[in-house]
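Read top to bottom, the protein sequences are chains A and B.
Residue numbers for the first sequence follow the working numbering, so the first one is 4 and each next one is one higher.
Residue numbers for the second sequence follow the working numbering, so the first one is 4 and each next one is one higher.
FYI, nobody ran anything at the bench for these hints, they're computed from the structure.
Hints are not guaranteed to be accurate.
All copies of an identical chain are treated as equivalent in the list; a pair is satisfied when it fits inside any one copy or across any two copies.
SDA-like mimics (lysine to any residue), calculated; alpha carbons at most 25 Å apart, straight line [claimed, not checked]:
1) 183 / 201
2) 94 / 215
3) 243 / 141
4) 61 / 205
5) 94 / 216
6) 21 / 166
7) 161 / 257
8) 154 / 70
9) 94 / 193
10) 243 / 217
11) 243 / 226
12) 161 / 44
13) 243 / 184
14) 61 / 206
15) 21 / 43
16) 183 / 62
17) 61 / 197
18) 154 / 221
19) 21 / 55
20) 21 / 185
21) 21 / 178
22) 94 / 163
23) 243 / 230
24) 183 / 204
25) 243 / 127
26) 243 / 225
Protein chains: 2
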Amino acid sequence: MKNERVIFLTNDDGWRAKGFEAAIEVARRFGRVIAVAPEQPQSGKSQAITIYDPLYLKRVRDEEGVTVYSLTGTPVDCVKMAFDHLFRDTKFDLAISGINHGSNAATNVLYSGTMGAAMECSFYNVPTIGLSLTDHAADADFAGAVEYGAKIVEQVLKGDAPLPLCLNVNVPNIPREELKGVRLCRQTRGFWRDIIYRREDPIGREYFWFTGGFENAEPEATESDEWALANGYVAVVPVKVDMTAYEQMESLRDIVE
Amino acid sequence: MKNERVIFLTNDDGWRAKGFEAAIEVARRFGRVIAVAPEQPQSGKSQAITIYDPLYLKRVRDEEGVTVYSLTGTPVDCVKMAFDHLFRDTKFDLAISGINHGSNAATNVLYSGTMGAAMECSFYNVPTIGLSLTDHAADADFAGAVEYGAKIVEQVLKGDAPLPLCLNVNVPNIPREELKGVRLCRQTRGFWRDIIYRREDPIGREYFWFTGGFENAEPEATESDEWALANGYVAVVPVKVDMTAYEQMESLRDIVE
Chain A
4 MKNERVIFLT NDDGWRAKGF EAAIEVARRF GRVIAVAPEQ PQSGKSQAIT IYDPLYLKRV
64 RDEEGVTVYS LTGTPVDCVK MAFDHLFRDT KFDLAISGIN HGSNAATNVL YSGTMGAAME
124 CSFYNVPTIG LSLTDHAADA DFAGAVEYGA KIVEQVLKGD APLPLCLNVN VPNIPREELK
184 GVRLCRQTRG FWRDIIYRRE DPIGREYFWF TGGFENAEPE ATESDEWALA NGYVAVVPVK
244 VDMTAYEQME SLRDIVE
Chain B
4 MKNERVIFLT NDDGWRAKGF EAAIEVARRF GRVIAVAPEQ PQSGKSQAIT IYDPLYLKRV
64 RDEEGVTVYS LTGTPVDCVK MAFDHLFRDT KFDLAISGIN HGSNAATNVL YSGTMGAAME
124 CSFYNVPTIG LSLTDHAADA DFAGAVEYGA KIVEQVLKGD APLPLCLNVN VPNIPREELK
184 GVRLCRQTRG FWRDIIYRRE DPIGREYFWF TGGFENAEPE ATESDEWALA NGYVAVVPVK
244 VDMTAYEQME SLRDIVE
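Let the sequences and hints guide you as you build the complete structure.
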């Protein structure tokens, strides 16, 4: 097809994940799909890059309109493999990272491999949407995320979106018909507190295993993404890669310089 | 000693790195040093957390005023191990992550394990300094970084610094006597372009190995950290964990909602 759009896809749960299939379902409505996704689950990998190890690439799927490669690296490695090597000369119209199994709202954005990859895509001046469903289950129901994901993709493709553009889109885990709509939000303040399990391995060595929970520092903030999710809305936060705390500049000048 | 300060230390090059020893040298001037640092090098690990693997902890050093643990995880895992488990009840006066072998200026902050750990420390409302020298060599000369690092630590400890505080401090790799002073800067715009080596392993499988270089999108911007480093200054950028692109909110409202 002439002038067909080209959509780039990646994720952090690996190319076998149900959520990745759901992302393909969204993307192929809008054009040809080219994907490089991790061979293995890469949750929590943030914007990590692989420095000390070689990476292996495989074409794992190739059919009408959909080509998928797997890479033995992080989500960001997948993006770099696509944009700096395999498809250097391709002009992508949009990038989607996801659909993630689990929330990337609030400060999860900092740890998320899905959003790490999304931020990396945005460096290439491709409008990027990180898409997540607040359900970790392997067999989660992505129907609502597919519907709203497609809606947002459509609006971004036809809208005059500012570049660089990186949207952190989270869909609450409620029945599709109960979703109330889309809300533009800011990142919720809060943090993860870890619960650390301490056990002994079969040869008697003590080990630790981390888990934890998010503590919302502002549950009443109606402009926050956690509030939107808790109230049945799809939360959209525009994300930027400039981490400078401009608002602290003046108070720091006397202290630092 | 009564009322002795307690300084937390971590890094991403691992507890055996020369730069970590340099950080201990800085920190012990100001108080008791407690460190949890990676057992293995963790460069490029960003703010990654370990989800799928157990972690092993070891006390590797214990002497007057300095205790060091090693952990088989990421830099952020080390921070969580310290603040959520080992030293839950300790009130740290300051945290230092580093001294990193290599620059964490500009968008390096996004990929850096050193700065990932620093941002994590700042979640615990401890004034935090990420400290890096723009020299990757294992035997780099940290004299200038130690001198200026100590100067900044002193100012932060006595100043009325805003919290959360996370400073990204980079020291140029020039002789100490040529350093011109400290400049408060913003993160330079730019990006990494990867060079991807393609080879064959001993059993004939194709592999890829990533390296790359930073492309400065604004070399003339005198307020940027790359400019400061190129002109002989120690660059200090205050970093925040709210990644919301507030400046895009209005232009996105019509597109997204």
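Is it within a copy, between copies, both, or neither that the alpha carbon of residue 154 lies no farther than 25 Å from that of residue 221?
Neither, since 29 Å and 36 Å both go past 25 Å.
Go through the copies and call it for residue 243 and residue 184: within, between, both or neither, with a Cα cutoff of 25 Å.
So residue 243 and residue 184 pass the 25 Å test inside one copy only (24 Å; across, 30 Å).
Intra/inter-copy verdict for residue 94 and residue 163 if alpha-carbon distance must be at most 25 Å:
Classified as within: same-chain Cα gap 17 Å, cross-chain 49 Å, threshold 25 Å.
Evaluate residue 21 and residue 178 at a C-alpha cut-off of 25 Å and name the case that applies: within, between, both or neither.
within (18 Å within a copy, 55 Å between copies)
Status of residue 226 relative to residue 243 across identical chains (alpha carbons, at most 25 Å)
Result: close both inside a copy and across copies, 18 Å intra and 19 Å inter.
Within, between, both or neither: how does the pair residue 154, residue 70 come out at a Cα-Cα threshold of 25 Å?
within (23 Å within a copy, 54 Å between copies)
Can you tell me if residue 21 and residue 185 fall within 25 Å by alpha carbon in one copy, between copies, both or neither?
within (23 Å within a copy, 51 Å between copies)
Checking residue 243 and residue 217: alpha-carbon separation at most 25 Å within a copy, between copies, both or neither?
both (22 Å within a copy, 18 Å between copies)
Measure nothing new, just compare the shortest in-copy and cross-copy C-alpha distances for residue 61 and residue 197 to 25 Å and report within, between, both or neither.
between (36 Å within a copy, 19 Å between copies)
Quick one: residue 183 to residue 62, C-alpha cut-off 25 Å, is that within a copy, between copies, both, or neither?
neither (39 Å within a copy, 52 Å between copies)
At 25 Å max between alpha carbons, let me know whether residue 243 reaches residue 141 within a copy, between copies, both or neither.
neither (30 Å within a copy, 33 Å between copies)
When no copy is named, should residue 243 and residue 127 be tagged within, between, both, or neither for a Cα gap of at most 25 Å?
Result: close both inside a copy and across copies, 13 Å intra and 23 Å inter.
The structure shown violates the earlier hints numbered 1, 3, 6, 12, 16, 18 and 24.
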